[in-house]
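Heads up: the protein sequence lines correspond to chains A and B, in order. Letter 42 of the first sequence, counting from 1, is numbered 42 in the working numbering, and no numbers are missing. Letter 160 of the second sequence, counting from 1, is numbered 160 in the working numbering, and no numbers are missing.
Simulated from the structure, these hints should not be mistaken for laboratory data. Be careful, since some hints might not be right.
[Unchecked claim] Pair by pair, the computed Cβ-Cβ distance ranges are:
1) L31/B / A202/A: 38 to 44 Å
2) K113/A / R193/B: 52 to 58 Å
3) T79/A / R141/B: 49 to 55 Å
4) P276/A / A186/B: 54 to 60 Å
5) S18/A / R141/B: 47 to 53 Å
Where a beta carbon is used, it is the ideal one built from N, C-alpha and C, also for glycine.
2 protein chains.
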Amino acid sequence: MQNRFWRIARRPEGTDFSSALELVEAPLGPLAEGEIRIRNSHLSMDAGTRLWLTDREDGYQPPLPLGIPMTGLVLGEVTESRAAGFAPGDLVRAFGQWGEVSTVDAVMSGALKLDPTVPDRRAWFGPLGMNGWTALWGIERTGAAKPGERVLVSAAAGATGVLAVQIAGLLGCEAWGLAGGAAKCAFLTGELRIAGAINYKAGDVGAQLDAAGGFDVYFDNVGGGLLDQVLTRMNHYGRIAVCGLLADYTGGTRTTPREFDQVLMRRLRIEGFFSPDFMHEGPALTERLRRWHEAGDLVMPYDVTTGLENTLTAYARLFTGGNIGKVIVELEP
Amino acid sequence: MQNRFWRIARRPEGTDFSSALELVEAPLGPLAEGEIRIRNSHLSMDAGTRLWLTDREDGYQPPLPLGIPMTGLVLGEVTESRAAGFAPGDLVRAFGQWGEVSTVDAVMSGALKLDPTVPDRRAWFGPLGMNGWTALWGIERTGAAKPGERVLVSAAAGATGVLAVQIAGLLGCEAWGLAGGAAKCAFLTGELRIAGAINYKAGDVGAQLDAAGGFDVYFDNVGGGLLDQVLTRMNHYGRIAVCGLLADYTGGTRTTPREFDQVLMRRLRIEGFFSPDFMHEGPALTERLRRWHEAGDLVMPYDVTTGLENTLTAYARLFTGGNIGKVIVELEP
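The whole structure should be built from the sequences, with the hints applied where relevant.
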C-alpha cells in the first residue's frame, strides 16, 4: 500500500515552504513491535513546528533531519496495531506525519485514545488538545494569574491565544488581546466578549497600551518588538509567560528585548514553558477544559483547509497572520 | 552646628562623579517630630544608588532631585531624637545622607537599632545588612537554588556577590563566580574556597563557561554581554535572579539579551528582585545570616576609604571593578 506524505527536502527560508517540503509517495512497510498505523483525518498546523525545520542546534530539540516526513500532531483512526491498548477503529491523537497515513511508536508519539463521543473531533486539537493545555498552563501556572488581575495575550486570535483569553476570563481575570487587524479584534471583543483588543497593525501600539492600563500577566506568543512595548506597561511584580516567539520563526530575526531592564525596575518574572514538559498533567488539564468546552464557555473557530496537497498553504497562514483560531488540514477520506 | 555633606549638583556622566556631586557645608536645622539625627561613622557605597542619580523616570523610583544631599545607607550613633524608640547613643543603620550627619525620619528611612555587641559594626552593612539580605533572598527565593545544584554569581567579588557565593555553598550548592581579574578569582577560590571562578577579563569567557558546565541558577549583578554568554549555558528549567545591571549603570548602554530565546528553548525563568520588597522579612533573614557570620562561615572583606572628602573615589571603585568586598567610607570621628 502506498502513502502520500510531505517530505523535508531542504531547510525553508521564511515562509517559502514549497521549496522545502515536497509531496511524495512511498510504500508503507510492515509495522514494528509497539507501532500503530493511523489513517489521518486531520493534521494540526502549529507554529512551534517551524523550529524543527530550522538548522539550529539550540532550539527545543535537534532539528528534524532532511529526507524524513514532516512531523506534527494528527487525528485519525487506527488501522493496524502492534501496540498494547490500541486496536483498529480507535480514534487517536499522536505526533504523526503530514501524510495520508501516520506510522508511529505508540509511546514515543504520545498516542492517546480519544473519546469518540465528543461531537466535533477537531476539538481534540484545540480546546481539548495541546493548545488547550498550553493556554491553561500558561495562564494559571507560568503566568500565575489571580482573579481580578489584568491579563494580556499576544496572537490572541491564534489557536492558543483564543483559548488563553477565554481561560483568563474563566479564572476571573480581565482579559485583553493583542491581534493583527480589525477583524481579529472584532472577533475577540464581539464573539469572545473579552475586555479589550489592541490592533497592533493600526496606529500607535504604545498609545493603545497606555490607554488600556498596566497588565499583571502577559501571555506572549510572539516576542519581537511587541514584547518591548508591553515590558514598559507591565505592573510591578508582573509575570510574562513565554509560550512562543512567532516573530523569530520565519524572519531570521531574534527577539532581543531593549526594555529588558524593566525586569529589575518592575521586578518582573519572565518564564518560558512548553507543553511536553507537563504531559503528565494532561488528563487533569483536559478534564477541566472539557467541562468549560461542553458548557459552551470555551469555544474555538476552526480555519480548515481541505486536501493534503494544500497543507503548505494552511501552514503558511500561521506565519502571515491569516487565520482566526485553529488551523487544520482536513484530509479527504 | 554645621554639617558637611555631598550635594547633588548635576546628573553624572558615567563615573565622573566629581562634576556631579559637591561637598558643601550648611547649618543643621531643628529636628521635626519623628526625626532622628545620626553622627555617621560609616557610609555604605552601593552600585544601585547610581540609578537614583540618573534622570530616568522608569527606574526603581523617581530620580533624586538636584540640590539635595546624596542618599545612601549610613551607620552611626543617634545624637538627638524626636522619634519613639530611639535615644541618643543608639547605634543605628538608616537610609541617610552622605555627610558627617544624617537627619532622617525614623520610619521613612528604615532606621534600625543595631546590637552594639557585634564586634565589627561594619558587618551591619555587609553580611548582616542589605547585601546579606539580597544575597540570601536572591539565591534561596528568587533563584530557588536547591542542594546539589550549580550556582553561578556575577560580580562575585563584589559585596553582594561575595555573600551570594558563600550562601550558595552553605545551602549545599556548587558555587561558581564570575569576576574581573585574576586577583578576584584567586580570592574566590582561595580564601572563599568556592568550586570555581571565571575571569571574564581573561581570554574567551564562553570557552571557560563551557569548561565549567551548565548552571541551574545565575545570580546576576551585571547584565550586559555576560548575560548572553550565560543564557546559552543554563541548564533546562534554570533560574536567573536579576539583582543588578551594573553594565548599564554608567556606560549609557542597556542590556538587550541577544540570546533571549533561550528562555523558551530551555524553559528558563528570569526574575528581578529588590531588597526593599522584602524588608518585612529582614529580621528573619538577619538571624540566619548572623548565625553563619558568627560561626565564621560567612565572611566579608572590607574595602575602606577614610574621610568624607574621599567618598567619590570609593564610590567610583564600584563601577570600575576596583574593589574586593564591601566598599565603605569611614568618617573621622
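Hints versus structure:
1. Against the hinted window of 38 to 44 Å, the Cβ-Cβ separation of L31/B and A202/A comes to about 58 Å, which falls outside the hint.
2. Distance hint check for K113/A and R193/B: the Cβ-Cβ separation is about 56 Å, which falls inside the suggested range of 52 to 58 Å.
3. At roughly 54 Å, the beta-carbon separation of T79/A and R141/B lies within the given 49 to 55 Å, and the hint holds.
4. A hinted range of 54 to 60 Å for the beta carbons of P276/A and A186/B is inconsistent with their spacing of about 44 Å.
5. Between S18/A and R141/B the Cβ separation comes to about 51 Å, which falls inside the hinted range of 47 to 53 Å.
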